[in-house]
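Asks: Given these sequences and hints, build the entire structure.
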Amino acid sequence: GLMYENGLGVSQDFREARACYEIAAKQGSAAAVYNLGVLYQLGLSVSQDFKEALFRYKTAAEMKCVQAFFNMGLLYRYGLGVQPDEEKAQECFDKAVALEDTGFNSLDEFREHLCTKALAWLENKNYTGAFNKFLLLAQTHHPEAQFQLGLMYMKGLGVKHALS
Numbered sequence: 002g003l004m005y006e007n008g009l010g011v012s013q014d015f016r017e018a019r020a021c022y023e024i025a026a027k028q029g030s031a032a033a034v035y036n037l038g039v040l041y042q043l044g045l046s047v048s049q050d051f052k053e054a055l056f057r058y059k060t061a062a063e064m065k066c067v068q069a070f071f072n073m074g075l076l077y078r079y080g081l082g083v084q085p086d087e088e089k090a091q092e093c094f095d096k097a098v099a100l101e102d103t104g105f106n107s108l109d110e111f112r113e114h115l116c117t118k119a120l121a122w123l124e125n126k127n128y129t130g131a132f133n134k135f136l137l138l139a140q141t142h143h144p145e146a147q148f149q150l151g152l153m154y155m156k157g158l159g160v161k162h163a164l165s
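Residue 79 in our numbering is what sits at position 78 of the sequence shown, and the numbering runs on without skipping anything.
It cannot be assumed that every hint is accurate.
[What the hints assert, rightly or not] If you anchor each label on the Cβ, the simulated ranges turn out as follows:
#, residue 1, residue 2, range
1, Asn125, Phe148, 18 to 26 Å
2, Lys156, Ser12, 16 to 24 Å
3, Leu100, Gln13, 27 to 35 Å
4, Gln91, Leu9, 20 to 28 Å
5, Glu63, Leu3, 16 to 24 Å
6, Glu88, Glu110, 33 to 41 Å
7, Gly10, Lys118, 33 to 41 Å
8, Ser48, Asp109, 25 to 33 Å
9, Met155, Asp86, 30 to 38 Å
10, Gln147, Val83, 18 to 26 Å
11, Ala99, Phe148, 28 to 36 Å
12, Lys27, Phe148, 37 to 45 Å
13, Asp50, Gly157, 21 to 29 Å
[As the list claims (entries may be wrong)] The calculated lysine to aspartate or glutamate pairs, modelled on EDC-like cross-linking and capped at a C-alpha distance of 16 Å, are:
#, residue 1, residue 2
14, Lys156, Glu124
15, Lys52, Asp86
16, Lys89, Glu113
17, Lys65, Glu92
No wet-lab data here; the hints were simulated from the structure. C-beta: ideal position from N, C-alpha, C; glycine also.
Replies: If you want it as structure tokens, here you go:
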């Protein structure tokens with residue numbers, strides 16, 4: 002699924018990625034359930050649906066997926082598919098920290114970590130991975146992510162040229 006999602010060794014195909022994730026999710030893969038949530042959050046191969054993304058993240062979180070707790074926290078903090086709820090956002094973050102020593106003290110630190118990771122992917126020419134991370138962050142009003150997305154659209158990196 003990750004190979005299809007990112008076009009690694011195969012043509013990028015979000016429908017194939019989703020099909021692989023669905024099979025793996027039925028077999029109990031928390032990562033696959035989480036990745037389905039990302040597809041719904043970003044609207045890749047499916048209609049964008051924050052509520053479905055939240056459902057997938059909750060399911061993955063029940064399977065102890067740390068990343069799912071962070072993404073749920075961001076959905077609650079920024080009111081994506083739900084009413085903004087800082088208390089629930091903090092609860093999600095606290096659960097993630099309890100599961101794993103993440104080194105992050107806040108959701109904002111986690112957002113900065115994702116941005117740094119996306120910038121590294123951009124530098125290493127993993128345009129799809131960088132684009133998807135920036136898109137997730139842009140939904141949370143992250144200024145650097147929004148700026149980088151604009152540049153990626155302008156230059157056609159990981160997306161079709163917006164300027165022709």
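Asks: Hint numbers the structure violates, sorted upward?
Replies: Hints 4, 6, 7 and 16 are the ones this structure does not satisfy, whereas the remaining hints hold.
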